[in-house]
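Undergrad: Chains A and W, in that order, give the protein sequences.
In this text, residue positions in the first sequence follow UniProt numbering: the first is 1, and each later residue adds one.
In this text, residue positions in the second sequence follow UniProt numbering: the first is 1, and each later residue adds one.
Worth flagging that the hints you see were computed from the coordinates, not collected in a lab.
Glycine included, C-beta positions come from ideal geometry on N, C-alpha and C.
Honestly, I wouldn't trust all of these hints.
Calculated cross-link-like contacts (lysine to any residue; reagent style SDA-like; alpha-carbon spacing at most 20 Å) [to be verified]:
1) A/Lys428 to W/Leu78
2) A/Lys389 to A/Asp273
3) A/Lys362 to W/Ala414
Across the chosen pairs, the derived CB separations fall in these ranges [unchecked claim]:
4) W/Ala77 to A/Gly284: 41 to 51 Å
5) A/Val139 to W/His71: 45 to 55 Å
6) A/Val327 to W/Asp317: 38 to 48 Å
7) A/Asn146 to W/Pro166: 47 to 57 Å
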Amino acid sequence: MLARTRASFHHSIGTYRQVESVSSTRQDRPGRRPLREDANDGARAGALADRLRAAVGAAKVLTDPAQLRTYACDGLATVRVTPSVVVLAERREDVVAAVRLCAGAGVPFVARGSGTGLSGGAVPVADGVLIVLSRLRAVRSVDPGNARVVVEPGVINLWVTREAAPYGQAYAPDPSSQQVCSIGGNVAENAGGAHCLKYGFTVNHVMGAEVVLPDGEVVHLGGIAPEHPGFDLLGAFVGSEGTLGIATEVTVRTVQAPESVRTMLVGFHSVADAAGTVSDIIAGGILPAAVEMMDALAIEAAEAAVRCGYPQGAVAVLVIELDGPRVEVDEQFLQVERIAAARHAFETRIARDEDERALMWKGRKSAFAAVGRISPAYYVQDGVIPRTKLPEVLDEVGRLADAAGIRVANVFHAGDGNLHPLILFDDKVEGAAHAAEQLGFAILDLCVASGGSITGEHGVGVEKKSRMAVQFSADDLDTMHRLRCAFDPAGLANPGKQFPTPRLCGERPGVRTAASEDHDPALGEVF
Amino acid sequence: MTAATAPDDPGGQKARPDGPPGSGEGARPPAPPLGATVAASADAATAGGARPTIGLGMPGFGAPGGAFDAHQPPDAALVGDCVHCGFCLPSCPTYVLWGEEMDSPRGRIDLIKGGLEGEAFDAAAVRHLDQCLGCMACVTACPSGVQYDRLIEATRAQLERRTTRPRRERLLRALVYGLFPHPRRLRVLRGPLRAYQSSGLRTLLARTGLLRRLPAALRAMEALAPRLGPAPALPARIPASGTRRRTVGLLTGCVQGTFFPDVNAATVRVLTAEGCDVVVPRRQGCCGALSAHAGRAPEAVRFARHAIETFEASGVDTVVVNAAGCGSHLKEYAHLLRDEGGDWPARAGALAAKVRDITELLDELGPVAPRHPLPVTVAYQDACHLAHAQAVRDQPRRLLRGVPGVELRELPEAEICCGSAGTYNLLHPEPARELGERKARAVLSTGARLMVTANPGCWMQVATTLAGMGERMPVAHTVQVLDAAIRGVPVERLLAQALDGPGTPLAPPSSGPPRTSPPAATGPLPGTGGADPSPQASS
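Using the sequences and the accompanying hints, generate a full structural model.
TA: This is the structure in structure tokens:
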């Protein structure tokens with residue numbers, strides 16, 4: 001049996017520390033070895049297994065094929081790569097030890113939390129080590145006075161709110177998977193959620209992080225203080241998808257839970273009316289906590305899954321939530337009702353109590369997985385457009401879907417213009433998955449052409465790396481690449497994600513030679 | 001990377017000694033390249049010489065050493081329903097304990113999928129599948145409607161048939177399944193157990209430390225045995241009091257009937273008070289739930305056929321069950337007997353349609369018997385096989401709230417299993433203990449005076465754990481609370497008897513049939529302050 005007790009270690013984050021080294025000096029930094037594709041047979045990482053066992057304990061290192069296969073994919077189930085070794089870290093020291101060994105041997109590593117990411121950010125590398133952080137789930141401190149909670153990366157998003165709730169506070173970013181996704185992954189992907197319209201994304205709520213850099217060095221980025229001089233390295237780290245290091249502790253900001261929260265569900269006979277309502281609300285000076293839209297197909301799926309009782313015959317529904325001081329919320333609620341009525345809303349339902357509110361949200365938050373009930377398989381896309389272009393972009397998505405002969409259900413954060421087309425396909429039909437992916441890419445390209453972006457909150461991962469070239473110029477990508485190389489010159493941290501083409505550190509696009517003098521051209525990575 | 005070198009398998013026992021060669025380190029198939037799909041990874045496995053794979057989702061039946069044979073394998077279509085979203089993880093007791101993917105529903109489905117693709121199960125895979133409690137919390141949590149219950153049951157039946165377990169485990173299983181599904185054998189055990197409990201022998205054993213020397217599993221059995229009182233036999237037919245509204249058959253259950261006789265007596269009293277004729281078929285035997293949940297399919301089918309015959313002969317409209325595990329299993333009879341010949345599938349379906357949990361039926365009928373007040377705070381613990389497997393959550397709560405004075409408290413983490421899970425606490429004592437402590441702490445945190453649950457397993461598990469933690473708490477079945485309210489039993493008396501143990505009858509020991517004329521108030525005990533003698537109509 002595995003050792004089931006997890007050692008918890010506590011240390012206080014009382015002071016803000018500048019980026020500091022608690023490890024060895026730069027000279028003996030390991031990891032200066034090139035990584036080549038032809039070494040991709042699992043041998044090097046496999047050879048590391050015994051040393052990993054010696055370093056972190058045998059019970060935390062998995063090499064059994066059956067066990068490894070369960071880690072082959074995250075929430076993007078279409079991409080599977082079985083890792084050579086899995087390390088189930090239980091404390092920071094385990095992460096440091098694993099990363100150091102990987103760096104020393106030139107073996108790539110990938111961090112994984114709850115494995116719910118939808119862009120394949122935690123897809124392992126075949127000849128690599130997967131470092132699982134889901135056992136690092138201690139809440140280190142709750143500091144309501146400073147509105148800060150310090151957690152380990154495996155802590156579930158919803159637990160943070162649960163910890164803060166007794167003090168009348170909450171953690172604002174609320175991805176639909178909030179009851180299972182972990183803070184470490186939220187930080188890596190800069191996760192969003194329905195309430196990010198008003199409260200901002202994960203990046204706006206992370207105040208500090210303890211990070212194990214790709215060479216095993218431990219640094220502290222940010223801290224509990226609200227503002228830090230110098231480069232915003234924490235800002236760079238949040239959303240870096242595990243390519244700059246692994247967070248082993250995260251300090252997040254909590255917000256005061258609002259005095260009043262009111263939620264309504266509004267049914268429309270057309271998507272244009274629903275979308276128009278969203279624009280009118282915001283143009284009217286109201287900033288709702290959330291405005292979510294679902295189309296007919298998504299409603300059908302949610303009904304099948306959770307019987308949420310959405311209006312019959314609706315072509316689109318909006319879930320609109322307002323929060324704040326009671327007087328303001330009540331007044332704005334009436335305004336929103338008037339705006340919706342003017343846009344021909346045929347049914348407006350107001351949650352009378354917490355149960356009804358929960359049911360309205362349950363329909364929305366279960367919608368992705370619920371689509372599994374109306375289709376053998378599906379593929380979630382994530383793109384952003386300017387809010388005002390919702391009707392025309394949705395029309396165009398419909399045209400693209402019809403042309404491809406594929407059904408698309410739409411669930412999205414309408415307030416942000418963050419689309420989530422759910423592309424339905426049958427994975428048993430030859431080529432269907434590919435066709436679905438191509439349609440997804442066409443929709444993303446449409447988002448970019450409309451002045452938007454290829455991801456709102458799911459990250460790029462393996463799934464959308466080819467679209468980075470649509471969104472960004474070669475110079476943009478080169479700049480990002482240089483930042484990445486500053487953290488991870490050996491290219492061992494989550495390689496193969498985010499960037500569209502394999503490149504070596506120090507290499508300019510199109511010029512396969514060394515560029516920067518402080519980098520050895522042989523130092524390479526494939527990503 | 002063979003099972004022998006797996007870090008957590010020190011014994012290195014291969015679950016399948018006749019398993020295919022090629023799972024060793026040297027022969028490990030080359031890992032697929034980045035971006036490979038499932039199909040590609042399956043191809044890679046084939047290329048590595050591991051075993052033939054017929055392709056994505058196509059079961060490799062008949063492949064020598066493969067995980068599954070062609071007799072009722074897990075349904076590949078059900079496996080395909082899983083979209084890998086992970087919403088099941090926080091509801092899974094073993095994932096909550098260990099934070100490992102292979103001990104989560106999603107991971108286990110992945111293992112099953114591997115089996116369907118033609119991979120053999122190694123010792124680790126068998127262990128992770130065995131470690132599932134079968135609590136079905138993941139079925140409730142799953143937005144995609146994955147029927148994990150069907151998948152794990154089919155998998156377990158195959159494992160049971162095709163896996164040679166270590167000798168020690170085989171013996172324990174033989175002991176457990178040779179005893180618990182057999183009411184008569186259990187009854188034989190009652191006498192010595194009662195004598196043992198009342199003789200002071202237990203105290204002696206505990207004092208000498210001999211108890212600690214028992215193997216963990218036997219120690220679990222010893223600890224879980226409830227305190228026993230007398231078990232008067234129920235008459236074959238008990239008439240309704242007042243107008244008859246329904247004729248119901250009572251499934252007495254193996255453990256319930258033997259160790260919790262008062263739950264059955266209370267069930268009969270409440271049913272008759274609510275206008276039901278109650279038929280208690282003789283020699284009804286075990287419903288087969290324990291066997292089916294453990295993958296002992298042929299045994300489960302035998303038990304089911306016998307139960308169907310028994311209840312058909314009794315001519316009842318409804319079959320009432322007061323043990324959650326039994327009820328959920330009876331409702332699955334049509335699926336269990338789907339491949340039996342003749343009219344068995346139809347008969348199984350007909351019986352399954354008549355099955356109701358006691359709280360389901362009472363809620364459906366609506367109360368006619370007046371309830372006396374019971375001023376008590378109640379922590380209602382959802383039994384997994386009631387809440388998750390039968391989706392019966394609101395009915396018991398409505399019934400309890402219908403008793404004047406009862407204040408319901410909800411448990412934190414209510415969806416997480418207490419670790420009892422049929423025979424799980426006997427076969428996997430360590431995780432069961434951890435889960436039991438978690439549940440016991442959750443129950444205590446409510447501050448309630450009485451815990452109410454609907455399953456003998458949960459009862460024993462939580463009561464035993466509480467006792468081990470030095471806490472004593474009265475535990476009762478929903479129907480005992482209703483019975484006390486209908487008969488006007490004062491709350492202190494209910495609590496005292498619920499504290500003494502499930503085998504202790506709430507009524508003073510009486511010979512003959514259980515009392516059926518409500519409200520047969522026993523009157524207030526001296527010093528308890530007395531109960532309001534005037535019954536109040538509920539809701």
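Undergrad: Does the structure keep A/Lys362 and W/Ala414 at a Cα separation of 20 Å or less?
TA: holds, 18 Å
Undergrad: Taking the Cβ atom of A/Val327 and the Cβ atom of W/Asp317, is their distance within the range 38 to 48 Å?
TA: violated, 58 Å
Undergrad: Below or equal to 20 Å on CA atoms is what counts here, so check A/Lys428 against W/Leu78.
TA: holds, 13 Å
Undergrad: With 45 to 55 Å as the target window, see if A/Val139 and W/His71 comply at their CB atoms.
TA: About 48 Å separates the Cβ atoms of A/Val139 and W/His71, which means 45 to 55 Å holds.
Undergrad: For A/Asn146 and W/Pro166, compare the CB-CB distance with the range 47 to 57 Å and indicate the outcome.
TA: holds, 54 Å
Undergrad: Looking only at beta-carbon atoms, does the pair W/Ala77, A/Gly284 fall within the given range of 41 to 51 Å?
TA: holds, 49 Å
Undergrad: Just to be careful, I want the Cα atoms of A/Lys389 and A/Asp273 compared with a cutoff of 20 Å; is the pair within it?
TA: holds, 13 Å
Checked against the numbered hints listed earlier, the structure breaks hint 6 alone; every other hint is satisfied.
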